[in-house]
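Participant: Spelled out, the chains give:
There are 2 protein chains.
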Amino acid sequence: MELGFIGLGRMGAGMVERMAKRGVRVVAYNRSPEKTKRIARKGAIPAYGIDEMIGKLPKRRIVWTMLPAGQATDDMINEVLKHLKRGDILIDGANDFYENAERHDRICREKGVIFFDCGVSGGVWGLKNGYTLMIGGDKSHFKDIEPACRALAPKGGYAYFGPAGSGHFVKSVHNIVEYVYLQGLAEGVGLLSSFKHPIDLRKATSVWQPASVIRSWLLDLTTSALGKPDFSDIEPKIGSVTIEELERTKNAVGGYAPAFDVATAIRKDTSGNFVLGKRLIAAVRNEFGGHAVERSSSTASKRRNER
Amino acid sequence: MELGFIGLGRMGAGMVERMAKRGVRVVAYNRSPEKTKRIARKGAIPAYGIDEMIGKLPKRRIVWTMLPAGQATDDMINEVLKHLKRGDILIDGANDFYENAERHDRICREKGVIFFDCGVSGGVWGLKNGYTLMIGGDKSHFKDIEPACRALAPKGGYAYFGPAGSGHFVKSVHNIVEYVYLQGLAEGVGLLSSFKHPIDLRKATSVWQPASVIRSWLLDLTTSALGKPDFSDIEPKIGSVTIEELERTKNAVGGYAPAFDVATAIRKDTSGNFVLGKRLIAAVRNEFGGHAVERSSSTASKRRNER
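Sequence order for the protein chains is A and B.
Following the numbering used here, the numbering of the first sequence begins with 1 at its first residue and continues without gaps.
Following the numbering used here, the numbering of the second sequence begins with 1001 at its first residue and continues without gaps.
Same shape as in the complex, but just chain A (with noise of 0.2 Å):
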């Protein structure tokens, strides 16, 4: 299996390390030479543009793009689409609606390319877990991108759904379960806090941990979160950059998801309410995702704790 891959965040930098120790031959690109040149002590083939990584490919092009959705993914499509011929396939793994899955697709084939959308979870830890992928596209062609999948992903976690938006679906939809349990999370941690005995917090998430009915990868994230020595500098800031591609989702099926618009409500809200919650998960976000967290100076953090 040889692929180009563009975009080499977070998440793409790990992936592309996870395959290229997998035997995926990867040609990786990124806007930034200095993350290419980081990747290519990992094991991949380095592009400084994209005219480099194409002339770098087989015969077949297969290229994953894996850039912030919106704007970013759009240019790089119509940009990756301008050097692929018929019978070429395209796979984007952004954290993208399921509508511009469905319209990338459709530019697609008016070139013959095959496109797949491809959902991604997994965070900062997917390189050592595996990263869960969640495709759509054309079907016939799926055993042609199966190796990489198999490469990225743990035993059992990956798997092809349906047509072109099918897998940016599930992923929204695995997001939304997301934002739910962090707001349990968060909501448990609040009444934790406010018992009239005080209450351990981190002794009270890690006792759920081996064996209660919630126990779950984001409790454990908890129970590391409120490990930290600085957790309460983190400012209750939740930044979410898929909020609106997730309400979009919700939307467009009719869907009826209760729970999950307090979670977004919560996360809009930037009042002094629910200050611990919010905190938490900003904390838990970073734990997994690596999503950054503003920390207040020391000069406020020590006034903090002299109080």
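Read the hints as simulated data drawn from the structure, not as lab findings.
For every residue, glycine included, the Cβ atom is placed at its ideal position computed from N, Cα and C.
What follows is a list of derived Cβ distance ranges for each label pair:
1. B/H1197 <-> A/K82: 28 to 38 Å
2. B/K1237 <-> A/F231: 35 to 45 Å
3. B/K1237 <-> A/K139: 32 to 42 Å
Straight line, CA to CA, 25 Å or less: simulated DMTMM-like cross-link-like pairs of lysine to aspartate or glutamate:
4. A/K203 <-> B/E1099
5. B/K1059 <-> B/E1110
6. B/K1196 <-> A/E244
7. A/K139 <-> B/D1200
8. B/K1237 <-> A/D261
9. A/K237 <-> A/D200
10. A/K228 <-> A/D200
11. B/K1196 <-> A/E99
12. A/K237 <-> A/D220
13. A/K196 <-> B/E1247
14. B/K1203 <-> A/D138
Following the hints, put chain B in place on chain A, whose structure we already have.
Facilitator: Structure of chain B alone, referenced to chain A:
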């Protein structure tokens, strides 16, 4: 370690069996003698009355009550206290509101009996995987009951949290998070089923299991429930014995838990909305807790399949 144990329901019977297998001498009593007979075959010492149970215990008595919260637990604690003396220990493992544990603690103190409230999680799987124990009460005597905790819990799965009430409180918060997790899974499965292309629900939940961000025991059980041939016969009615206790807990701490509020509203809603989601929650509760589900008659089921 020796103790008397009252209440051999789904949870209690498994707990007694696990303790007996791990070297705790358990004298077990249940109102209906059939369950007592059954547990005698699993290594416990049977008792067919409170008197008999007390008589078979050593001089310093430790008694564990494991009955439904409310009248059944209140009555039994009053009854058992007649047989206990200063320095004896009473542990209550019901899913009870923490203020009731505080009341039980006061009644016990009047007689010089040491009270512990112990929240227990693990459902029908606890016998095999161990039970999570969340304990409140008099810390200076905690070591006296710790051997039983070690026998019941998996490694790292029990902890002391604070004065009487703290154990039931932490267990209630665990259940609040559980409600939100289940609601999130139900919303996710509902959305998957609303997509324009048919999505294989079980394929989606199972591909999420090995490495996705939402991997969790409840997700595993969702996959298991969706795989049962009679899944679609399950009535969309979610039983819950704990809903009032959880709402009282949340309100008592002035708590903010809007996703939990959504989950409780869905459980109370008897309309024909969110049918698949309600069915899923009922089915998963059956998977982890052995909670009863109603099934439509086979005729109704056939009719549904013909549609």
